[in-house]
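In order, the protein sequence lines correspond to chains A and B.
Letter 303 of the first sequence, counting from 1, is numbered 303 in our numbering, and no numbers are missing.
Letter 58 of the second sequence, counting from 1, is numbered 438 in our numbering, and no numbers are missing.
Hints may contain errors.
Unchecked claim - Simulated crosslink set (DSS-like; lysine-lysine; CA at most 30 Å straight-line):
hint: 1; chain 1: B; residue 1: K893; chain 2: A; residue 2: K20
hint: 2; chain 1: B; residue 1: K481; chain 2: A; residue 2: K20
hint: 3; chain 1: B; residue 1: K495; chain 2: B; residue 2: K515
hint: 4; chain 1: B; residue 1: K893; chain 2: A; residue 2: K377
hint: 5; chain 1: A; residue 1: K20; chain 2: B; residue 2: K706
hint: 6; chain 1: A; residue 1: K283; chain 2: B; residue 2: K709
hint: 7; chain 1: A; residue 1: K377; chain 2: B; residue 2: K1020
hint: 8; chain 1: B; residue 1: K747; chain 2: A; residue 2: K294
hint: 9; chain 1: B; residue 1: K495; chain 2: A; residue 2: K294
hint: 10; chain 1: A; residue 1: K282; chain 2: B; residue 2: K708
hint: 11; chain 1: B; residue 1: K693; chain 2: B; residue 2: K420
hint: 12; chain 1: A; residue 1: K377; chain 2: B; residue 2: K808
hint: 13; chain 1: A; residue 1: K377; chain 2: B; residue 2: K886
hint: 14; chain 1: B; residue 1: K693; chain 2: B; residue 2: K616
hint: 15; chain 1: B; residue 1: K667; chain 2: B; residue 2: K747
hint: 16; chain 1: B; residue 1: K459; chain 2: B; residue 2: K829
hint: 17; chain 1: B; residue 1: K708; chain 2: A; residue 2: K20
hint: 18; chain 1: A; residue 1: K377; chain 2: B; residue 2: K667
hint: 19; chain 1: A; residue 1: K310; chain 2: A; residue 2: K277
hint: 20; chain 1: B; residue 1: K829; chain 2: A; residue 2: K282
hint: 21; chain 1: B; residue 1: K709; chain 2: A; residue 2: K282
hint: 22; chain 1: A; residue 1: K283; chain 2: B; residue 2: K747
hint: 23; chain 1: B; residue 1: K1020; chain 2: A; residue 2: K283
hint: 24; chain 1: B; residue 1: K709; chain 2: A; residue 2: K294
hint: 25; chain 1: A; residue 1: K9; chain 2: B; residue 2: K951
Please keep in mind that the hints were generated in silico from the structure rather than gathered at the bench.
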Amino acid sequence: MSFRQELNKINFIRFLSSIKLTVVCLILLYILTFVGTVAQVQYGLYQAKSRFFESFFFLAFGFLPFPGGQLVMWILFLNLMTVALTTIDYAWRNIGSIITHFGLLLFLVSGYMIMHDAHESFLNLREGQASNVSSAYHDWEVAVWEAATHKDPLTTSRQVTSIDTRQIKPGQTINISDLNLQLTVKEYYKNCEAYSRPVKNHILNASGITEIEKADLLKEPEKNTPGGIFQVEAKDGKAVDVLLFGGENGPLTLTADNKTYHLNLRLKHYPLPVTLKLIDFKKEEYPGTETARKYQSLVEINVDKIKREKLISMNEPLRYKDYTFYQSSFSVDRFGNESSVLAVVKNSGWLMPYISTFVTFMGLVIHFIMVALRLRKKVY
Amino acid sequence: MNKFSKTTFISIIIFLGLILSPHVLHAQAICPLDTIKPKKVESLEAFKRIPILNQGRIKPLESYAQSLLLLFSGKTHYKKESADEWLARFLFAPRTTFDDKIFLINSPEIAEALKIEPDKHRRYSYHDLDPGYDKLKELAEASNSIDEKSRSVVDSEILRVYSNLLLFSRLSGAFSFAVPHPDFYIESPETKKFLHWEGEQTKFSFYDMLEKSESLMQAAKDLEIKDQKEWTDIEKNVARILSGLDFWGEHYANCPIGLIPTQSHDNEEWISPMDTILSGFFDPVYKQEIKYLREMVVSYWNGSQLEFDMNAKLFSGSVFERLSPKEKKIVQKIPLELLYNKFNFLAWAKLFYALGFFVFLLSLTFKQKKLYQAAVGVTILGFIPHAFALVLRILILSRPPVSNLFETFIFVGLICVVLGGILELVNKNWLGLVVANTCGVILLMIAGKYSAEGDTMQMLVAVLNSNFWLSTHVLAITIGYAGCCVAGIIGHIYILQLLNRRSDSKGPEITYKCMLGILGFGLTMTFLGTTLGGIWADQSWGRFWGWDPKENGALMIVLWCSIIFHSRIAKMINPLGAAVGCIFVLINVMWAWFGVNLLSVGLHSYGFTSGIANTLLVYVLIEILFVSITVPILGKRNIKF
């Protein structure tokens, strides 16, 4: 107890554990939530989310620095932690309130975990098609691999080195030691337009593009098409400029140091621990309407050559280790071939919010029942 | 007969008539029967029980009649006629409805554009609109080319009126097969003899000719090889009738009225009588069912009740026999739905709640114990039909009672009444009664506004089609809304009590404690509902929280409630401040409940809410006005914010 009193003497700790700080943070969070909701009309969910909720600071009206959601939640976390350490009275009559606030702490922790660990991708399968690689919705990578020297038709796998484009900046140099290549970023835009104009200095490109121009980021991040110009330098010191654009169909081919390489700017690929094969996609509508009643994908799950079947439908995903496969959407091409889109989420902390929900709710119930009983006694 | 297998599209109301040929609108060309009136039948008991598949749900004709009339005119009856009576007249004797003023056009601008004299009830007849059809079509095509989000109110109204007019004209031909028509009149006795018709009759219907199809087909064979110039009178008549049959077959195909289920159970398709004739008249089962319907038309005109009822029952019975066990179960619930339609339970509930509130107002001047007992009784009388309506809906639809905006109002209303009842049981000081009656009336009135949009028992889209989540997440969140609403109402009462304070009365203090108690309840349930929603989202989309507008709306309620509680503990506000906070919780609830739908972004935009924005704004302004007047007055009396 004395240790807690010591702590309480420190001004900064007293500030951090103050309930007025809590109120201020809650009000800030309230404002952020409202603004972040209304902003979605203009900027779309993705941009609103990263600007207001995932940020530490942003500029309100273009000039006024305003705390972002992440900062506010960090302060709330510290606030709760210091209160738990210093001021809270661990007495039975506070049990409900204590449980509630520990539940909320758990929520903040799970939020952090999910933000840093979870990622979403998708798997687009035609009926009969199988795959063990999913692609990101809007994160891109530069993939580099060496062309096959021997052509074995039976093996289709290849060693690919990929560079995440989320963090790359012009001027940055990336070493690809496996392939003895060095990549320097000259230009990189998250969204750009590609042109093919007659110019003098020729940049190597797979589809005749000569220039890229920066474009504004779009409301839906999946509609952005990135592009960049990179200098590729081989071990022998020879350098060549290449232009990669996200809208291209095939990879670029490059010969350096007597070897042939392929480069491609593509949606990030994620290897999956299982191979999924779409056996059948089913869609059911309410009779006489176009309102969907059910979507279902019958898939074959192949783990180490052991196969089993599973029906994935809305509200009934397939869970495998940290991965979850959801029925997301579907498409039918003009030949009537159906394909199903499965959303793939890797999230090792998916159970955390479930637990937090349960703990916090129980705390609230206990707290308000106890308060109500006490109030009744007082009134009468 | 492959030509007619397009029937899968029948129920799509085809906008803009792009697929329809221009003459389609002028349904029911000259029918001599419009000169005499049908005798009609007295009772439509058997008629209204006939099952129909509409908007994905099997329902009684009565419900169909009500939603159809509501769609056209915004009312569930036409003048003194009930929806059943009107529908029977519309289906069996469509010409008699062409002067009924049933098309609601809210914007006088549209009436003006169509060169119609604006009507003070804003309702117009088919004959009023028909001359302006080409203009309306032109306007509708222009409106349709505008993106749905940027359409003006007038644009949407034009599209609504246009699609209603198309629907009306297509439905008006649904039973034309049974009505005599000049295309099939036969004056010449020779031709009649050739077709084996006995008696004096010269006026025949499409259906009559179908019955003679064998003789007609026989004659048609001869016609093919013979030169047109050499045709006899009989053959000319036969050719005329055959071309009439052919024309009708195309003209009345794909009528959007699902009365007759197809034979296969797999596709759950129900089609119109005419489409049934086209796709399989020679199937004995279909033929028999068409015959029952035809007899219904005839007996409706002749006014023979017995035959009408008999054929309606035989038709329903024959359809029922062919249904799958699942569909049979739904049809067996038709009596429940008729019961729901017959007694307007919600209107009664609304009436009693309003009466309860009135009794409370009386008690302010006349302090009598009897008034209290009367108020308790009236509130209970309101609660019974309210709860009964909800239970009936659960039974009819076999799903939890909250699946569209309309139902949320009824359900939240009921929970508010229950919460009010609990408060009353605890305190016995009018507070709970006032809360119950106020919430009951207001929420049922809003529900009434929403029910004006058609059938309130719609089917659910795939992601919502889960009874488990509907009954946990949605119920929890709406109970939370109810708690917050009640807290908000009590907030108002608290402030009014303070304004009206008599010396050492304990009233406001009890009210304050009730307010915080209910707010805590609202917070807990909203929290539970929101996080359960997160769990549902995790189950179906793979993320617990996505900052979707609806999620944010609920989060804002939770945050606001915690702000109230924490700033109270921090002594940043006084009880008056908490009461004002509760009033603003109400605004938060409105925002989360249907305000965010106005943004039309995100996954939850299921409610049609255009036009609500202004109402919501006016409401917010009134609350701000209320607070900014009362708080300074109380401040002068040393009651601090």
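| So which hints don't hold here, by number, going up? | 2, 5, 8, 9, 14, 15, 17, 18, 20, 22 and 23
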